[in-house]
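J.: So you can see what is in the structure, the chains are spelled out below.
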Amino acid sequence: QKEVEQNSGPLSVPEGAIASLNCTYSDRVSQSFFWYRQYSGKSPELIMSIYSNGDKEDGRFTAQLNKASQYVSLLIRDSQPSDSATYLCAVNRNNFNKFYFGSGTKLNVKP
Amino acid sequence: KAGVTQTPRYLIKTRGQQVTLSCSPISGHRSVSWYQQTPGQGLQFLFEYFSETQRNKGNFPGRFSGRQFSNSRSEMNVSTLELGDSALYLCASSGRDATDTQYFGPGTRLTVL
Chain A
60 QKEVEQNSGP LSVPEGAIAS LNCTYSDRVS QSFFWYRQYS GKSPELIMSI YSNGDKEDGR
120 FTAQLNKASQ YVSLLIRDSQ PSDSATYLCA VNRNNFNKFY FGSGTKLNVK P
Chain B
80 KAGVTQTPRY LIKTRGQQVT LSCSPISGHR SVSWYQQTPG QGLQFLFEYF SETQRNKGNF
140 PGRFSGRQFS NSRSEMNVST LELGDSALYL CASSGRDATD TQYFGPGTRL TVL
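Chains A and B, in that order, are what the protein sequence lines are.
To convert, count from 1 in the first sequence and add 59; that's the numbering used here.
To convert, count from 1 in the second sequence and add 79; that's the numbering used here.
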């Protein structure tokens, strides 16, 4: 079983729609959770971090964490073509900065 | 605050050669992690250094090694290069705590011919 699992996609949504990206993790002791966006040929850039159960909103992005069910999700409202990228879910257990990354979900936002 | 820097950005080597990549973390960050990213395998963790000590290591052969200097700059070395080592090598820096975010550098694109 992989530490972090994501649907590889591609996930296609029309411009202006809500994109929903999901991620599950295997280790219950995981403490911190991150969403990164990666454009083709570029390095990952941080979108959001979340540490507590519930929702965390930042602009058009909302991260949701449910530790009991061991899943993290990212909602992108009013999706734009510029949001087209691969979204990586990352989990950090409490063992000193060893991050586990999912394989990423490719999002296509169609104009 | 300057971001994570990596040099060189691009490298072309031939099989059997060795290569050294460099990473300078964000000022004040003492943890540096290295990842290999390939289209088929995604982001694979290589190792993590904190205060010149390797704290975590991924499942890579001994041809992959690294070190960290007292100023937190880090290098990784790959010896006896193989075709399969062609990848984007990413460095990320973070603070000390487990909740600290990792910030990535632009990466070094290594091509092995």
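I should point out that these hints are in silico values taken from the structure, not numbers from a laboratory.
Since the model is a prediction, treat every value here as computed from it, not as a measurement.
It is possible that part of the hints are untrue.
So, partial list: chain A residues that the calculated Cβ filter (under 7 Å) puts toward chain B [unchecked claim]:
no.: 1; residue: Gly68
no.: 2; residue: Ser102
no.: 3; residue: Met107
no.: 4; residue: Ser111
no.: 5; residue: Phe158
no.: 6; residue: Phe160
no.: 7; residue: Ser162
no.: 8; residue: Lys165
In silico DSSO-like links for lysine-lysine, alpha-carbon gap of 27 Å or less [unchecked claim]:
no.: 9; chain 1: B; residue 1: Lys92; chain 2: A; residue 2: Lys165
no.: 10; chain 1: A; residue 1: Lys101; chain 2: A; residue 2: Lys169
no.: 11; chain 1: B; residue 1: Lys136; chain 2: A; residue 2: Lys101
no.: 12; chain 1: A; residue 1: Lys126; chain 2: A; residue 2: Lys61
no.: 13; chain 1: B; residue 1: Lys136; chain 2: A; residue 2: Lys157
no.: 14; chain 1: A; residue 1: Lys169; chain 2: A; residue 2: Lys126
no.: 15; chain 1: A; residue 1: Lys165; chain 2: A; residue 2: Lys101
no.: 16; chain 1: A; residue 1: Lys165; chain 2: A; residue 2: Lys126
no.: 17; chain 1: B; residue 1: Lys92; chain 2: B; residue 2: Lys136
no.: 18; chain 1: A; residue 1: Lys157; chain 2: A; residue 2: Lys101
no.: 19; chain 1: A; residue 1: Lys169; chain 2: A; residue 2: Lys61
no.: 20; chain 1: A; residue 1: Lys61; chain 2: B; residue 2: Lys92
Note that CB positions come from ideal geometry on N, CA and C, so glycine has one too.
J.: Hey, B/Lys136 versus A/Lys101, does the alpha-carbon distance stay inside 27 Å?
T.: 24 Å, holds
J.: Holds or violated: A/Lys101 with A/Lys169, Cα cutoff 27 Å?
T.: Between A/Lys101 and A/Lys169 the Cα gap is close to 21 Å, so the pair holds against 27 Å.
J.: Given the hint that A/Lys157 pairs with A/Lys101, does the C-alpha gap stay at or below 27 Å?
T.: 22 Å, holds
J.: Do the numbers back the hint for A/Phe158, that is, is its least Cβ distance to chain B under 7 Å?
T.: Holds, because the Cβ-Cβ distance from A/Phe158 to chain B comes to roughly 6 Å (cut-off 7 Å).
J.: Hint A/Ser162 vs chain B: min CB-CB distance below 7 Å?
T.: At 4 Å from the nearest chain B Cβ, A/Ser162 passes the 7 Å test, so the hint holds.
J.: Between A/Lys169 and A/Lys61, is the straight-line Cα distance small enough, at 27 Å or below?
T.: 31 Å, violated
J.: Take the C-alpha atoms of B/Lys136 and A/Lys157, compute the straight-line distance between them, and say whether it is at most 27 Å.
T.: Distance ~9 Å between B/Lys136 and A/Lys157 Cα, so the pair holds.
J.: Does the alpha-carbon distance linking A/Lys165 and A/Lys101 stay inside the 27 Å limit?
T.: 14 Å, holds
J.: With a cut-off of 7 Å, does the beta carbon of A/Met107 approach a beta carbon of chain B closely enough for the hint to hold?
T.: 10 Å, violated
J.: Closer than 7 Å between Cβ atoms is the bar; does A/Lys165 clear it against chain B? Give me holds or violated.
T.: 12 Å, violated
J.: Holds or violated: are the alpha carbons of B/Lys92 and B/Lys136 at most 27 Å from each other?
T.: 25 Å, holds
J.: Does A/Ser111 hold up as a contact with chain B if the rule is Cβ-Cβ below 7 Å?
T.: Where the cut-off is 7 Å and the nearest Cβ of chain B is about 11 Å from A/Ser111, the hint is violated.
Checked against the numbered hints given earlier, this structure breaks hints 1, 3, 4, 8, 9, 14, 19, 20; the rest are met.
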